[in-house]
Amino acid sequence: AQTVTQSQPEMSVQEAETVTLSCTYDTSENNYYLFWYKQPPSRQMILVIRQEAYKQQNATENRFSVNFQKAAKSFSLKISDSQLGDTAMYFCAFMKRSNDYKLSFGAGTTVTVRA
Amino acid sequence: GAVVSQHPSWVICKSGTSVKIECRSLDFQATTMFWYRQFPKQSLMLMATSNEGSKATYEQGVEKDKFLINHASLTLSTLTVTSAHPEDSSFYICSARDSIQDYEQYFGPGTRLTVT
Chain A
11 AQTVTQSQPE
21 MSVQEAETVT
31 LSCTYDTSEN
41 NYYLFWYKQP
51 PSRQMILVIR
61 QEAYKQQNAT
71 ENRFSVNFQK
81 AAKSFSLKIS
91 DSQLGDTAMY
101 FCAFMKRSND
111 YKLSFGAGTT
121 VTVRA
Chain B
2 GAVVSQHPSW
12 VICKSGTSVK
22 IECRSLDFQA
32 TTMFWYRQFP
42 KQSLMLMATS
52 NEGSKATYEQ
62 GVEKDKFLIN
72 HASLTLSTLT
82 VTSAHPEDSS
92 FYICSARDSI
102 QDYEQYFGPG
112 TRLTVT
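As they're listed, the protein sequences go chains A and B.
Note that my numbering has the first sequence beginning at 11, numbered continuously upward.
Note that my numbering has the second sequence beginning at 2, numbered continuously upward.
Next comes chain A alone, as it looks inside the complex (with noise of 0.2 Å):
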C-alpha cells in the first residue's frame, strides 16, 4: 500500500507572498501519477496540478509549482504571489498507473493567506 505524508497540519502566508507545502510517499512503484488537490471552504475538491512519474520535468500552472523528487520520493508544491482566494485545504495525493486507479490521499495542510 502507498503511504502519503504531509507534515504540516496547517501553514499562514500573507498574501503576495510564497509558500511551499511539504509531501512525501513511499511506494515500490516505478510508474504512477502524482497530484495537489485543493479543498476550499465549499469542500469542491479541485485539481490544482498533476505530475507523472516518468517526466523528469516540474509540473507547473500558473502560480502553482511542484519541486518533484522521485529518487527522495517527494513531491512539494510551491505557491507563489498567494492570494486569499487560495486559503484552503491541500492534498497530496498518489495514483499507481493500473487497473484501479486509487487515490491514496495525504492528512492534508490547512493553508490561510493572510491580508
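Calculated directly from the structure, the hints in this document are not laboratory data.
Small disclaimer: the values here were computed from a predicted structure and weren't measured.
Even for Gly, the Cβ is constructed at its ideal location relative to N, Cα and C.
Some hints could be false.
[Claimed, not checked] Restraint ranges, calculated between C-beta atoms of paired labels, are given here:
no.	chain 1	residue 1	chain 2	residue 2	range
1	A	T28	B	T18	43 to 51 Å
2	B	E23	A	D110	19 to 27 Å
3	B	H86	A	A117	23 to 31 Å
4	A	E20	B	M46	15 to 23 Å
5	B	K67	A	T13	36 to 44 Å
6	A	T13	B	I101	41 to 49 Å
7	B	W11	A	G95	43 to 51 Å
8	B	P87	A	R53	15 to 23 Å
9	B	K21	A	E27	21 to 29 Å
10	B	P87	A	R73	37 to 45 Å
11	A	R124	B	K21	36 to 44 Å
12	A	A26	B	Q43	45 to 53 Å
Put chain B on the given structure of chain A with help from the hints.
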C-alpha cells in the same frame, strides 16, 4: 472541465432509516466511480470503487451491507446508507474516472449526511 453532480447536497434523516445519494457524470462516461467519506478537517477516506455493471469493491473495514453501492449506468452511481445511525453522519464525496483520460478523476461537490 468535466462535471460531476451529487444529489442531495445535504440530507437529514432519522436513525434507523435509509438514505440514497446519487453521483452523476454530466458530460462524460465514467466506467469507474469512487466513494469517499470525510470527517471535518480530515482527509478523504476511500470507501469503495464502483464499476459499471459489476459489484462494487469495498475497502477494508467498510461494511458492504451498510453502504450499498450500485453503478447501473455509465453516468450514475448511487450510495445507499442503510439503517443509518448518528455515527454515519459525515461528508460523502464521489469521484468519476474519465474512461478516456485514465488518470483524471472528477469530484462531485459532496453530500453532508446528518443522522439524528
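Evaluated hints:
Between T28 of chain A and T18 of chain B the C-beta distance comes to about 50 Å, which sits within the given range of 43 to 51 Å. Remark: the range hint 19 to 27 Å for E23 of chain B to D110 of chain A is upheld by a beta-carbon distance near 23 Å. Under the hint 23 to 31 Å, the C-beta atoms of H86 of chain B and A117 of chain A, about 26 Å apart, fit the expected range. Remark: the range hint 15 to 23 Å for E20 of chain A to M46 of chain B is upheld by a beta-carbon distance near 20 Å.
In this structure the hint that K67 of chain B and T13 of chain A lie 36 to 44 Å apart at CB is violated, the actual value being about 27 Å. Separation of T13 of chain A from I101 of chain B is about 30 Å and departs from the stated range, judged on CB atoms against 41 to 49 Å. The beta-carbon spacing between W11 of chain B and G95 of chain A, approximately 24 Å, falls outside the hinted interval of 43 to 51 Å. The given range of 15 to 23 Å is respected by P87 of chain B and R53 of chain A, whose C-beta atoms sit roughly 21 Å from each other.
Separation of K21 of chain B from E27 of chain A is about 46 Å and departs from the stated range, judged on CB atoms against 21 to 29 Å. With their beta carbons about 42 Å apart, P87 of chain B and R73 of chain A fall inside the hinted range of 37 to 45 Å. The supplied range of 36 to 44 Å is met by R124 of chain A and K21 of chain B, whose beta-carbon atoms lie about 42 Å from each other. Checked against the hint of 45 to 53 Å, the C-beta distance between A26 of chain A and Q43 of chain B comes to roughly 30 Å, which is inconsistent with it.
The structure fails hints 5, 6, 7, 9, 12 (numbered hints given earlier, in ascending order).
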